[in-house]
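So you can see what is in the structure, the chains are spelled out below.
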Amino acid sequence: MADPILTLSGITKTFPGVVALDKVSFDVRPGEVHALVGENGAGKSTLMKVLAGLYHPDAGEIIYQGQPVQIDNPLAAREKGILLIHQELSLSPELSVAENIYLGAWPTNALGVLNKRKLRRDAQAALDAMGCSFGPDDRVGTLSVAMQQMVEIARSQAFSANVVIFDEPTASLTDTEKDQLFTTIRGLQRQGVGIVYISHKMDEIFELTDRITVLRDGQVQGTVTTRETDATAVTRMMIGRTLEAYFHKADSTFGEEVLRVDGLSLQGQFEDVSFSVRQGEVLGFYGLVGAGRSEVVETLFGVRKADRGTLQWQGAEIPLPTPRQAIDLGMALVPESRKEQGLVLMMGGMENTTLPHLASYARSTVMDRGKERATFDEYKDALSIKTTGPDQPVSTLSGGNQQKFVLAKWLCAGPKLIILDEPTRGIDVGSKSAIHTLIAKLAEQGLAVIVISSEMPEVLGVSHRVLAMAEGRLVGEFEGDAMTEENLIDAVSHHLARPAAE
Amino acid sequence: MQTEMKAFLRRHGLLAGFGLFLISVALSADAFLTPGNIFDVLRQVSITGVMAVGVTFVVITGRLDLSVGSLLTLLTVIVVDQHNTSGPAMAILITLAAGIGVGMFNGVLVGLVGLNALIVTLAMLSFLQGLVLFYSGGSNVNVQNAQTTWFAVFGRHDLFGVPVPALIFLVTAVIAAFVLNRTIFGRQVFAVGGNETASRFSGIASRWTVFWAYALSGLTTAIAAVIMGSRVMGAQNTIGQGYELTVLAGVILGGTSLLGGSGSIWRTVLGITMLGFIQNGLLLLGFPYYVQWLVTWAVIILAVWIDLGAKRGRILA
Ligand SMILES: Nc1ncnc2c1ncn2[C@@H]1O[C@H](COP(=O)(O)OP(=O)(O)OP(=O)(O)O)[C@@H](O)[C@H]1O
Ligand SMILES: [Mg+2]
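Protein sequences appear in the order of chains A and B.
Per our numbering, residue 83 is the first one in the first sequence, and the count goes up by one each step.
Per our numbering, residue 193 is the first one in the second sequence, and the count goes up by one each step.
Keep in mind that the hints were calculated from the coordinates and are not lab data.
Being a predicted model, the structure only gives us computed values, none of them experimental.
The C-beta atom is built at its ideal place from N, Cα and C for all residues, glycine as well.
Check the hints yourself; a few may be wrong.
What the hints assert, rightly or not - Which chain B residues face chain A? A few, computed with CB under 10 Å, are given here:
id	residue
1	A338
2	S391
3	A397
4	G434
Build out the structure end to end from the sequences listed, making use of the hints.
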């Protein structure tokens with residue numbers, strides 16, 4: 083077996099109030115895919131940021147290609163051949179693909195003037211090696227998330243990377259895009275690149291990886307060979323107990339209709355969308371990324387203005403609301419993107435939680451911090467959020483724990499209808515099943531719930547009824563025994579197969 | 193250890209530097225730390241200070257207000273002129289209303305319409321300077337009964353041995369700090385500056401939050417104009433020239449980020465006061481008065497530099 087190309091030993095990193103990494107040892111061999119798994123906040127991203135030169139460890143040693151090294155900053159890491167593909171993409175949307183690939187290392191002539199020709203040529207070569215469909219001059223802002231990710235991965239060719247780290251790369255990819263990504267990863271693997279793969283998705287880990295290292299509370303629980311283990315065993319190492327493998331579907335009696343939507347349309351986004359949802363019901367929205375589901379719910383919530391359509395709330399017709407009115411009616415929207423739409427990153431968890439409901443946490447206009455604190459404590463426990471206190475800026479929380487605060491902020495006011503747009507994106511397996519249980523509990527308490535998800539088993543598992551959406555239109559509705567994977571795929575692909583002229 | 197040192201310096205470096213400066217000035221200029229001089233500085237600082245308190249709200253929403261310099265001129269001219277025609281009480285009311293009005297006008301353009309704050313308030317700076325000349329016809333105005341009017345209280349008198357303008361500054365700051373830290377509006381100001389999109393998704397009317405921040409900035413400039421008018425008992429057509437930059441320098445010297453979402457009234461108070469002592473210290477050391485412009489420049493560049501460095505995550509180095 084090949085010697086490790088990279089070995090970390092005894093890495094320790096503390097932040098005020100947390101030991102994020104506690105004497106972690108880890109290695110990567112050339113040509114292997116090594117999974118790094120663990121609960122939200124276990125320290126996965128922190129460990130990789132140490133490798134990429136973003137954080138400096140308090141203690142420990144990094145041995146790279148047989149030599150002890152110190153990695154001072156991201157550029158140094160890249161030049162050594164260590165490349166991190168971030169959990170949240172980190173490209174400059176205003177710059178071209180080529181400029182982004184070489185960001186911070188643009189080729190210049192003797193006078194320090196940018197050598198555009200070389201930049202383009204080198205970038206094109208890197209893109210060709212990856213089989214990308216876009217060119218070096220395209221502006222990154224115009225590319226899809228998957229393509230942007232390819233731009234980041236193209237750096238591996240441009241800098242001849244020996245180690246590439248993927249931090250939850252599939253969180254916002256469609257299945258086809260995911261397959262492309264896996265092909266790319268296997269290609270890197272054949273080139274002898276050592277790959278670290280962080281994910282909360284067990285199926286991906288078992289499909290792709292050779293070894294698995296489990297982190298828990300900043301400590302290594304063990305490293306196992308993927309072929310010799312299974313998901314149950316890995317989950318137990320991660321969270322210390324076994325999980326029930328099935329979804330808990332809400333056992334609720336349906337009540338009054340809460341929301342009815344008729345003929346909702348928004349030019350260029352979606353057409354003629356009609357549906358309704360009752361108390362106690364979980365309504366699923368299935369579709370591929372880009373099908374228009376998020377746009378529909380953002381319109382219901384008033385963040386976008388519809389062109390046409392009517393809304394009935396609890397049986398009475400109402401004008402399309404503003405977000406404030408929607409919240410006051412009792413609607414809640416857990417949006418798709420936690421960093422852009424969900425959280426004020428500089429604020430602490432407590433202030434984020436109460437942000438949509440300031441008036442109910444104030445006496446006349448003065449904030450009641452005691453009351454805010456009580457809610458914070460309640461949801462910190464209920465969702466087991468890992469944070470050092472109410473004022474820890476959410477920017478310093480792990481991705482999954484940020485997502486939990488987005489949930490908390492919408493649950494705490496006791497809504498009548500809650501819309502969850504990809505609620506478990508980036509959430510670890512333990513908390514994921516906790517969220518599924520929570521969805522069921524909410525429905526059983528009589529809330530109407532709408533769940534948008536690109537994960538088929540999730541939509542089917544938690545919903546009573548599923549709507550399929552493709553290219554801005556509802557293309558199918560399934561209930562009871564008709565709720566099967568085949569039917570959903572059929573509905574979506576049928577629509578997509580029809581001639582575009584229609 | 194080394195990183196801690198760096199973090200400390202980045203956070204408190206300006207303050208530490210200021211401390212050193214104070215000590216060295218005190219050692220070389222005997223007049224510096226006398227009560228008389230300190231009160232002079234406080235008197236001086238209270239005008240920019242009161243203005244900076246309002247501007248802090250605007251800056252935390254992630255915007256700028258550069259119109260406050262000419263606004264101060266206009267409002268000082270108004271308060272003095274109205275004092276002569278309508279009496280002090282009426283003059284003050286009119287001034288406050290005019291200040292809020294101009295602030296709201298900025299607020300409409302920047303907040304509700306969504307125009308660029310820098311351009312809107314810079315244009316307003318020019319517009320108001322023109323308006324001053326229209327209003328005054330180009331001549332300076334003076335309070336006619338300067339020796340007898342109770343209007344003198346705001347700029348010239350002491351209360352419990354402390355200059356009244358310094359007390360006004362203090363009270364304004366206390367109220368503003370309360371509004372910013374403890375009320376719904378304050379929370380909205382931070383939220384909008386921190387992440388406008390997320391604020392909208394949370395049902396906050398971000399455009400109105402910005403609008404009210406500008407209105408507040410107009411109000412505090414009006415209060416400053418009352419102090420100014422009372423202190424000078426007159427108004428030249430250029431009396432507030434350059435104040436917008438001094439105010440801004442004080443705000444960012446205190447550490448309120450120009451990128452929005454963070455900051456505090458007490459930091460602004462500290463920043464403005466530090467700036468006042470620096471300028472006074474330089475005068476006492478025998479530098480000509482115009483070095484204060486150079487100091488303002490240096491402070492702005494330095495503070496913005498440090499702020500950006502921190503934002504880009506270089507704290508890690
Ligand atoms: N800059 C920081 N300041 C303070 N605490 C931090 C900082 N970065 C990370 N942490 C803390 O370190 C711990 C580990 O975080 P990390 O991001 O590595 O988790 P993770 O395993 O990647 O989780 P997830 O699966 O949710 O992405 C968390 O408790 C987090 O709050
Ligand atoms: Mg992470």
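Hints, one by one, checked against the model:
1. A338: 41 Å, violated
2. S391: Status holds, d = 7 Å.
3. A397: 7 Å, holds
4. G434: 32 Å, violated
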